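Each step along the sequence shown adds one to the number in UniProt numbering, with nothing skipped, and position 68 is 68.
There may be inaccurate statements among the hints.
Unchecked claim - Simulated crosslink set (DSSO-like; lysine-lysine; CA at most 27 Å straight-line):
hint	residue 1	residue 2
1	Lys11	Lys26
2	Lys42	Lys26
3	Lys73	Lys11
4	Lys73	Lys42
5	Lys73	Lys12
6	Lys26	Lys12
7	Lys19	Lys42
8	Lys73	Lys26
9	Lys73	Lys19
10	Lys42	Lys12
11	Lys42	Lys11
Said to hold, decoys possible - For each label pair, taking beta carbons as the anchor points, the in silico distance ranges come out as:
hint	residue 1	residue 2	range
12	Asp66	Thr32	28 to 34 Å
13	Gly25	Glu81	19 to 25 Å
14	Gly18	Val76	18 to 24 Å
15	Arg52	Glu90	23 to 29 Å
16	Phe56	Gly84	18 to 24 Å
17	Glu61	Gly84	28 to 34 Å
18	Ser53	Arg30	32 to 38 Å
19	Gln87	Glu31	20 to 26 Å
20	Ile17	Glu83	24 to 30 Å
Keep in mind that the hints were calculated from the coordinates and are not lab data. None of the values given here were measured: they were computed from a predicted structure. We put the beta carbon where it would ideally sit given N, CA and C, even for glycine.
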Amino acid sequence: MASRRIMLAMKKRGFGIGKWNGVGGKVEERETIIEAVMRETKEECGLIIRERSLAFRGVLEFIYRDHPSWDNKCFVYTAHEWEGEPQETEGRFTLDAKDVIWVLHLLSLHFQ
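Full structure from sequences and hints, please.
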């Protein structure tokens, strides 16, 4: 499936609980960022993406002045194709009809 949409879902637990989020997580030991993107996407929403469909879009740096241990960098990728349909997975995100938002343009970003 090809699309120009962004998937957001409600986080069910952990850091950011109750917030709208994109798919993501931590890079495991001996794992590349690309491998983490593909693994986290499958774990968190059941979609399978291939490396050839990924495009690097930038890095977001989060700085928490009151909680420096929370500081982190988020590497942003988009996928122009995927297999499957979003589904709820073990505590990661709630992905049912009322909780999934597909956005054509988010904050005036235009993905080409």
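Against the structure, the hints:
1. Lys11 - Lys26: holds, 15 Å
2. Lys42 - Lys26: holds, 14 Å
3. Lys73 - Lys11: holds, 19 Å
4. Lys73 - Lys42: Roughly 21 Å between the alpha carbons, so the hint for Lys73 and Lys42 holds.
5. Lys73 - Lys12: holds, 21 Å
6. Lys26 - Lys12: Within the cut-off at roughly 17 Å; holds.
7. Lys19 - Lys42: holds, 20 Å
8. Lys73 - Lys26: holds, 10 Å
9. Lys73 - Lys19: Holds, at about 18 Å.
10. Lys42 - Lys12: holds, 16 Å
11. Lys42 - Lys11: holds, 15 Å
12. Asp66 - Thr32: 28 to 34 Å: Given range 28 to 34 Å: holds, Cβ gap about 32 Å.
13. Gly25 - Glu81: 19 to 25 Å: holds, 21 Å
14. Gly18 - Val76: 18 to 24 Å: Once the Cβ atoms are compared, 22 Å apart, the range 18 to 24 Å for Val76 and Gly18 holds.
15. Arg52 - Glu90: 23 to 29 Å: 28 Å Cβ-Cβ, so the 23 to 29 Å window holds.
16. Phe56 - Gly84: 18 to 24 Å: At 23 Å between Cβs, range holds.
17. Glu61 - Gly84: 28 to 34 Å: Between Glu61 and Gly84, where Cβ atoms are some 31 Å apart, the hint holds.
18. Ser53 - Arg30: 32 to 38 Å: About 23 Å separates the Cβ atoms of Ser53 and Arg30, which means 32 to 38 Å is violated.
19. Gln87 - Glu31: 20 to 26 Å: Since the Cβ atoms of Gln87 and Glu31 sit about 23 Å apart, the hinted range of 20 to 26 Å holds.
20. Ile17 - Glu83: 24 to 30 Å: At 28 Å between Cβs, range holds.
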